[in-house]
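Chemist: Could you build all of it, start to finish, from the sequences and the hints given here?
Protein chains in written order, with the numbering used here: chain D, 4 to 301; chain G, 43 to 406; chain H, 33 to 427.
Just so you know, the hints here were simulated from the structure itself, not pulled from any lab data.
Check each hint, because a few of them may be wrong.
[What the hints assert, rightly or not] Residues on chain D that point at chain H, a partial pick, calculated with CB under 7 Å:
1. G198
2. I199
3. S202
4. R204
5. D205
6. G207
7. A208
8. S209
9. L221
A virtual CB, placed ideally from N, CA and C, is assigned to each residue, including glycine.
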Amino acid sequence: MKTTETERATRSQGSPRGDAGVRLALNGTLLLWLVVFVVLPLGSVLANAFWTMDGAFVVKDLSLTSFSTILENPVYGKVLLRTLVNALLVAFVAVALAYPLAYLVSRESSRIRNRLVVLVLLPLWMGYLMRIFAWQILLGRQGIVNSVLMWLGVTNEPIGGLLYGPVSVWIALVQISIPFVFVPIYLSLERIPDGIIESSRDLGASPRKSFTRIVLPLSAPGIAIGFVFAFIQAFGDYVTPTLLGGSRGILIGRVIVSQFGIAYNPPLGAALGLIVLAVTVVSVVVVLRLGAREAVLE
Amino acid sequence: MIHRFFRNRKLRAVALVMAFALVLTACSSATESGSPESPTGQLRLLAWAGYDDPSWISEFEQQYDAEVVTTYVGSVDEMFAKVRTQGENFDIVFPDSSSIARYVETGLLRPLDRSRLPNLKNMLPFWQNQNYYEVGGDMYAVPFTGGATPIIYNATLIPDPEASWGLLWNKEYAGKLGMLDDSNNSVVITALYLGLDDPFNLSDADFELVKQSLVEQSALIRKYITGEDEEANLLASGEILAAPEIEPGIADELNAEGGEYVFAELFPKEGALAWVDNMVIPDGSPNPDLAYAFLNFALTSTVQAGLVSKYSFLPVIDVQAFVSDETKAKVANLAEFIDQLQLLQAPEDPERRVQIWTEVRAGS
Amino acid sequence: MSSEHHSGSLIDNASRSKDDQSGDSATGQSPAIELRGLSKKYGDLDAVRQLELSIRSGEFFTLLGPSGCGKSTTLRMVAGLEAPTEGQVYLEGKDVTATAPERRSTSTVFQDYALFPHLTVLGNVLFPLRMKRLPRSEGLDKANKILQLVGLAGLEDRRPEQLSGGQRQRVALARSLVWRPRALLLDEPLAALDFQLRREMQDMLKELQSEVGITFMLVTHDQTEAFSLSDRIGVMNDGRLEQVGTPHELYYQPRTLFVATFLGNINLIRGQVESSDNDRVVARCGPLRVAGRSVSGSIPPGTDVTIGIRPESIRQNAAHTAAINTATCRVLSTTFLGSQEVTLLEIAPGIHWRCYEERGRTTSNIKGGRTMTATWDAEDALIFTDSDDKKKLPL
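Modeler: Right under this line is the structure:
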């Protein structure tokens, strides 16, 4: 009897201490995770951006050389602006395509719904590069699209502009983004109970009004998150524009990469990267603010 | 330089698997050096995958009762960084010709004693006459192997082109030409095409000319090429008809696949680009005697004939007598154009070249 | 109709409605809600079968039934949220079967309230007025009045998630009433509330109904709720309307065994008809003889029947010696429930009946294990034939 009591005592004492240990371990893991995946990479970019080059060497003195290079040469501003416009365009198109899809899927019965979601997400199982190569096969001079167009007699000569130009980059970026845009929009739509939509109709809203006054505002956070996903993806991607882009109209990702390769000017690359990061953060904050103005469902 | 890691498709797969396994073992076991006359022990290489091909490494290991351990690198920068931070871990490193100056300036290399390199006499005159491996009168590097960047073209649709870089500026093939997506190679090629004095030391006026010419060319370019597979696909599918051959052997591979078109290589009269990888001994090398032994060994037909027949690389000694009949023709061909090769050197201002390239690619 | 638009307050509206109602009965005007042969099928499943129902203007009508009986589906067809497979819905004499919900004069209060989470309390209440393009100032006026009426004044700027269950319920009511629908449809509106709150809301519903005077159609599975609120109740089972009547009628004159068992407790015993004189039937149930009242007229002798007697109709009477409507039984247990005492009796082996007795301060002298004599009146013994439950009853 005595032993059980002492056991119980130690156990009751031990358990909160055990909880604290677990909590400490969890917090430690979180901290480590943050340091390894956020603080270190970001810190390295930040530090590099304010260093400078002396010949082939990085000089670790505080300097604004890289930023003044960027400001002095209009080419960087031009490329940044083009990348920004490009990313906005891709994000808009991706949302415009994903929204109706998500809406239709979200109003299906749950069995069909889950199958359709898997179907929409299917492209994710295909490697990123595989999808880019698929577009090359589809859009090339001897590609499927051109073959069909020529067979239909729409054109006699294969259309070269389909591939290796802005169009193919847009198509691929939109296609890559759609699952990522679809998911948050779908989740926000799926969470809207049928009852709320019915209730709006019951209270006098036409189907159109019910959509604009109830469904759209309630899915705004999903739209915002989806838009941000597509935007970030399109803004930062350099592989797609490199593999599918044309001879002109380089985007910022490629410029940054070249600073770390042959140019060996990490500070300039980092400074450009920092600007990209800043643009991204600002866009994300703005878009999410807009989205959050409409309250999320409980 | 083009992504070095993607030099050869076969190497890539090997490298990925091996790199991991070997990085783990690379930093183990201590080294014992033998006497200068018969050096032995461990030889540590910092190399591109494939440079330690077992066909010659095992022979070296037997001959010297040595153990060769290789650390693989994926990029020029990685190689430089490794030597800078842990040079004492390597006996031989394989930098390219344009990087030698950078290594020497940083004090990472020890000068080589020519008297201990009797096999230097095996080198073809072209390599003996180079001076990039000498800095301040001292020799720092021995050429290991190289590769040229000729023009690869669709011989079915362009039957008999003039041997000139002008093919890549020919308006007749507008929208069907490829160019390398890389500032240095592009600027050097353009400088060669324009006949400028020294493609690695351009004046302001030269830069202006090069830029104009590149902008002009960009209107004719279908795709700027970033890798070997991409170039092969672009050519095979007829998207492009001509481009600088990013890696040796693409034409051979495509022809072997036997597609719709026949492909050929062309060495422009203005000079073809060539890269060269060299052997250097880091200042802190733990086993320099064995390193010297390897330098001499690398200048024998065992290694050089292997590099030619396995990877279609350029040999630095005459290997005519040691290769198969099939490869012989290729080697004979090499002898013909070797004097036209323009070895890549350190450019005067890489930043400026990137700047120009960015402006060209940004378009208007 | 335009006069309705300008009528000052809900109170005016209410009195007018009351007048209308009396007018209805006098002039025989169209019922507020009328269902004709209404059916709904989901694939092979008959959710609602051939419903015929007429609800008077100003009436508080309740559809009562177990879950899955089709009562909610019926309500949704009235609201226009569900299209009938067959039959018609008439609102004030107009066939609205094909009319979209937003163009019907009904308003629904949903079980989960279906408040708009992105709008404030005021925003929710203003919503129907905005949809009807009412000028903002006028809308604010009406919204404030109705919020006052349901006791939500001061909470206009809260979001639904900041409200308690009862408050949400009031918002839903206010939102549905503010645009003055001709009929309010309530789909289990109190099911999500706890007992105390449910009682309060029931009182409020009743008050509101007399205040605004419009037709209320409630759907519930809760018999007490239905009884306390309704003028009339329709009991539904398996897609059919079993019986329509006042709570009193349904309780004391159930037409089917289902209605009898669904509303309150009833003691059952099986038997065989010995003789029948119109609805006066005598049946034998093992050792017992029961004289009772058939719910469907005379029954041929020999027919199998079920006899039901409400627990409160059973009296203990030791002196009673008649051979009919008397059972000598064993007392199994007694339970004191405050105002009532429940006695569990064994009438025959395996047949247990309940008996309720009103109690004052005197304690019962019935104890478990004792034997007693139970009696009841023939008027209180209801006799159902097996076919009574399968046939559709005419209204």
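Chemist: Now look at each hint and say whether the structure bears it out.
Modeler: Verification of the supplied hints:
no. : hint : in the structure
1   : G198 : 4 Å, holds
2   : I199 : 5 Å, holds
3   : S202 : 4 Å, holds
4   : R204 : 4 Å, holds
5   : D205 : 5 Å, holds
6   : G207 : 3 Å, holds
7   : A208 : 5 Å, holds
8   : S209 : 6 Å, holds
9   : L221 : 6 Å, holds
The structure fails none of the hints (numbered hints given earlier).
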